[in-house]
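Visitor: Here the protein sequences line up with chains Y and S, keeping their order.
Each residue of the first sequence is one higher than the last, beginning at 166 in our numbering.
Each residue of the second sequence is one higher than the last, beginning at 28 in our numbering.
Among these hints, one or two may not hold up.
With a straight-line cut-off of 27 Å between C-alpha atoms, the simulated DSSO-like cross-links for lysine-lysine are [as the list claims (entries may be wrong)]: (1) S:K36 <-> S:K46; (2) Y:K223 <-> S:K68; (3) S:K80 <-> S:K49; (4) S:K46 <-> Y:K214; (5) S:K80 <-> S:K46; (6) S:K45 <-> Y:K275; (7) Y:K223 <-> Y:K187; (8) Y:K275 <-> S:K46; (9) S:K49 <-> Y:K187; (10) S:K67 <-> Y:K242; (11) Y:K267 <-> Y:K223; (12) S:K67 <-> S:K80; (13) Y:K214 <-> S:K67; (14) S:K45 <-> S:K65; (15) S:K63 <-> Y:K275.
Note that these hints are calculated values from the structure, not bench results.
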Amino acid sequence: AQSVAQPEDQVNVAEGNPLTVKCTYSVSGNPYLFWYVQYPNRGLQFLLKYITGDNLVKGSYGFEAEFNKSQTSFHLKKPSALVSDSALYFCAVRDGSGGYQKVTFGTGTKLQVIP
Amino acid sequence: DTEVTQTPKHLVMGMTNKKSLKCEQHMGHRAMYWYKQKAKKPPELMFVYSYEKLSINESVPSRFSPECPNSSLLNLHLHALQPEDSALYLCASSQPYGGGETQYFGPGTRLLVL
């Protein structure tokens, strides 16, 4: 079984400050990890993913995420938050142990960037 | 081009109506998905088509009927829906290998069942 947890329903950060949105996962095989962002009344937009290789993954709009196998975490980060980053962020995982596995989404974290 | 399009953007229907949602992609993806999303909740997988064949049905009620006429199109036929079916319906596509392939989502159809 696979699961993903986003422990914070909401994260507030001042504009210009660094931001972190937390994600932890559980899979039996190798994890494929994804971050998506959703603006109000819109679909999900892909930000970045970890498949293998470098633990630091860089994505769209200046976001990056660090894969930490020992802590089973994949936290999303950005050095300097913008008001336009305010949105709902979903972490997702797929178990890479073989065969088709559906993507499991976390419950989402609302990011509020305060001007 | 990483665009998935969905029509209509909004749909209001009565419980006795029949309507269809449409999804289209031209990225050459051979897997297409329907998700249902309630407000402030994660998307819930409904159906997966792989190479135009239904490969996953997540125990969705028969009032939802998917159809994949070709590799670029995905439809969701709706009949006799209930008010609790009101939600954002998202279509997504990816390559069908079941690994680290990214799913690309459309903007969704906002459905209201009266």
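Visitor: For each hint, tell me whether it holds in the structure or not.
Guide: Cross-check of the supplied hints:
1. At roughly 13 Å between alpha-carbon atoms, S:K36 and S:K46 fall within 27 Å of each other, so this suggested pair holds.
2. For the given pair, Y:K223 sits about 26 Å from S:K68 by alpha-carbon distance, which is consistent with the 27 Å threshold.
3. At roughly 17 Å between alpha-carbon atoms, S:K80 and S:K49 fall within 27 Å of each other, so this suggested pair holds.
4. A hinted pair counts as satisfied when its Cα atoms are at most 27 Å apart, and S:K46 with Y:K214 does not qualify at roughly 36 Å.
5. For the suggested pair S:K80 and S:K46, the alpha carbons sit about 22 Å apart, so the restraint of at most 27 Å is met.
6. Taken as a hint, the S:K45 and Y:K275 pair is broken in the structure, with Cα atoms around 35 Å apart against an allowance of 27 Å.
7. For the proposed pair Y:K223 and Y:K187, the alpha carbon gap of about 16 Å is at most 27 Å, so the pair holds.
8. For the proposed pair Y:K275 and S:K46, the alpha carbon gap of about 33 Å is over 27 Å, so the pair is violated.
9. With a C-alpha separation of about 35 Å, the suggested pairing of S:K49 with Y:K187 is violated against the 27 Å cut-off.
10. With a C-alpha separation of about 21 Å, the suggested pairing of S:K67 with Y:K242 holds against the 27 Å cut-off.
11. Pair hint Y:K267 plus Y:K223 holds up; C-alpha atoms about 24 Å apart against a cutoff of 27 Å.
12. Between S:K67 and S:K80, the direct Cα distance comes to roughly 31 Å. Violation of the 27 Å bound is thereby established for this hinted pair.
13. Between Y:K214 and S:K67 the alpha-carbon distance is near 22 Å, which keeps this suggested pair within the 27 Å criterion.
14. Taking the CA atoms of S:K45 and S:K65, the gap is near 21 Å; set against the 27 Å cutoff, the hint holds.
15. Simply put, S:K63 and Y:K275 have alpha-carbon atoms about 19 Å apart, close enough for the 27 Å limit, and the pair holds.
The structure fails to meet hints 4, 6, 8, 9 and 12 from the earlier list, while all remaining hints are met.
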